[in-house]
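Trainee: Make a model of the complete structure from these sequences and hints.
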Amino acid sequence: MVGSAKSARLTNPFQAPEEKRFEIPGEIAREPGIYEDALKAGWELQQRPKGAPVAAIERQHQKNRMTVWERITLLVDEEPTILFQNWGPNLDGASLVTALAKVGGRDVAVYGHDFTVRAGSMDATNGSKLAQLFETAGKLGIPVIGFNDSAGAYVPAGVGGLDGYAEAFRALREISGRVPSIMCMFGFNAGGGSYLPRQGSFVIQPNETFFGLTGPGVIKSVLGEDVTPDELGGPNVHSQTGVTDYVVEDEVQAIRKVRRLLRFLPSNNETMAPFQPTSDPISRKTWDADILLKRAFNSPSGFNTPLDVTIMIQQICDHGDFYEFQPNRARNTICAFGRIAGHVIGFCANNSAVSSGQIDIDAALKNARFIRFCNLYNIPMLFMEDTTGFLPGRDQESRGIVQAGRAMLDAIIDLRVPRFLLIIRNAFGGAYAAFNNYKLGADMVFALPTTRLAVMGPAGKEFVYKDELKAMRLEAKNRAAKGDTEAANWLKEQETLLIQRYEAEIMNPREALSLGSISQIVMPQDLRHTLGENFIRYIKAYQPKPMTAIQREFH
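Just so we're on the same page, my numbering is the position in the sequence shown counted from 1, plus 16.
No wet-lab data here; the hints were simulated from the structure. Nothing here was measured: the structure is a model prediction, and the numbers come from that model. Take these hints with a grain of salt, some might be off.
If you anchor each label on the Cβ, the simulated ranges turn out as follows [unchecked claim]:
id, residue 1, residue 2, range
1, Gly240, Tyr454, 52 to 60 Å
2, Thr512, Thr321, 12 to 20 Å
3, Val70, Ser237, 28 to 36 Å
4, Arg300, Val268, 32 to 40 Å
5, Arg432, Gly240, 50 to 58 Å
6, Ser192, Leu55, 36 to 44 Å
7, Asp337, Lys56, 45 to 53 Å
8, Gly416, Asp542, 35 to 43 Å
9, Arg122, Gly240, 45 to 53 Å
10, Glu413, Asp542, 37 to 45 Å
11, Arg432, Lys493, 53 to 61 Å
Straight-line C-alpha distance at most 20 Å; calculated EDC-like pairs for lysine to aspartate or glutamate [claimed, not checked]:
id, residue 1, residue 2
12, Lys493, Glu478
13, Lys273, Asp123
14, Lys56, Glu35
15, Lys493, Glu511
16, Lys118, Glu86
17, Lys455, Asp430
18, Lys36, Glu52
19, Lys508, Glu484
20, Lys486, Glu502
21, Lys155, Asp123
22, Lys493, Asp483
23, Lys79, Glu224
All C-beta atoms, glycine included, are put in the ideal place defined by N, C-alpha and C.
Mentor: What follows is the structure, given as structure tokens:
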């Protein structure tokens, strides 16, 4: 939307409003009575929430924002059912709209703050409205969509505004894991207006918006720091920490993203995600994956060549269509929703194109959150492994890489949905042990012929060929003592040959096959066929239901 200094009026301000008449077709005309008066009063109550002053609507438009009614209209398929149309003497509850609607043919529960009324602020009545909507969504088993555009608690309401948020917090938490929720952050949100939407499953934030615990003004008065809203709580900040899952250009793009994301999500935890028939045959060859690996590994850097795992995900999915989760954060891991043979699958893949696919804190926490969501909502998972391990170093240790890794590991262990592992290349040490192998509960483990599965990478030669290396280095030392100027080059050549021997003897899938740690070797061109056939087999046998396991400790 493009703002302007003045908005054009489409109605004549001098024209008298047309009187609403309540007549039954075919009835003989007669003077209206008390019945028609009651109908008129009811009709006026229906219209009242949409009767924001023109000046307030224009202020929204000049800030490149839609009104809550314009947002809802853009989202839904047809006229929604508006609930709880409160309008007390102090405008109690009037700054929040709640509704049941259809989006993409599916029932959803929708709420949105009306910034044209009291800046969309929260009071006790609003809290009750939200809580009732959340409880209704839980009973009906339908997703929740929130349009957040609120200045926070309504200060004149006193503790009532805080109670309103508290009631909404509790109600939303109680349906978490029962139904998914998608929250859009519009405008300027602070305090409870930040906590509530982040309780949801996904947060979408357009550019030029803010949400945070407090605004820049409070930061200036309390800490004496000058900071802009974008620096404090803009999308560039929140998308890097995982507070925001998706960044979009504007409100229209945010609402379109809601509709697209919803296509990959089930309505509740007792159903599978929507099945979508496809014309893309499961037997389609994945030649582009073959070409990718061939060009990468036949290059001068050989098996050390980075590759973009999203190309392989694209090859596996129906028509190459997949939808990333947190695409702006931790690109060394890719989490995405896609479909195989019409069934929604959650992808969790190491991306060696960024930082060799090493798992750092952000990647581990991104993975953990995505995995837990798929587990809650009966979405089968495919893990794609190509990493040299967890990222070492003082910075990672001091920030808690062990705890973050533990969060990812726990999430994988707790999985109860069908889950496969595909090893693309590197699978070393703790990263292999913590990434959905057979012993962690994987249903099937597939390996490409390029798999290099070992306790350690090439540095492992120091332990496997310890005696030979000791003898080589002693000989090189003796040669150098006798004046041999080529001793160092000779030692380097010998160590290179030993690395090649280590890679040939140890860094391969053979031992894992012999131990039963790998189900089968799969050729790159057969990825979609092999994975698809086996997923279909396991999905047919899977019964979607709420989680009933013991609630274990988690990060």
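Trainee: Run the distance test for Lys493 versus Glu511: straight-line Cα separation, threshold 20 Å.
Mentor: holds (14 Å)
Trainee: Holds or violated: Lys508 with Glu484, Cα cutoff 20 Å?
Mentor: holds (14 Å)
Trainee: Confirm or reject the claim that Glu413 and Asp542 have a C-beta distance inside 37 to 45 Å.
Mentor: For Asp542 against Glu413, whose Cβ atoms are near 41 Å apart, the range 37 to 45 Å holds.
Trainee: Can you let me know if the beta-carbon spacing of Val70 and Ser237 is within 28 to 36 Å?
Mentor: holds (35 Å)
Trainee: Lying within 52 to 60 Å: is that true of the beta-carbon distance Gly240 to Tyr454?
Mentor: The hinted range 52 to 60 Å holds for Gly240 and Tyr454, with Cβ atoms some 57 Å apart.
Trainee: Please verify whether Lys56 and Glu35 have alpha carbons no more than 20 Å apart.
Mentor: holds (10 Å)
Trainee: Straight-line Cα separation of Lys486 and Glu502 no greater than 20 Å?
Mentor: Status holds; Cα separation ~18 Å.
Trainee: Hinted pair, alpha-carbon criterion (20 Å max): Lys118, Glu86. Please report holds or violated.
Mentor: holds (16 Å)
Trainee: Given the hinted pair Lys79 and Glu224, is their alpha-carbon gap at most 20 Å?
Mentor: holds (10 Å)
Trainee: That 35 to 43 Å hint for Gly416 and Asp542 (C-beta), does it hold up?
Mentor: The hinted range 35 to 43 Å holds for Gly416 and Asp542, with Cβ atoms some 41 Å apart.
Trainee: Mind checking the alpha carbons of Lys493 and Glu478 for me, to see if they're no more than 20 Å apart?
Mentor: holds (18 Å)
Trainee: If you draw a straight line from the CA of Lys36 to the CA of Glu52, is it 20 Å or shorter?
Mentor: Holds: Lys36 and Glu52 sit about 10 Å apart, inside 20 Å.
Comparing the model with each numbered hint stated earlier shows that all of them hold.
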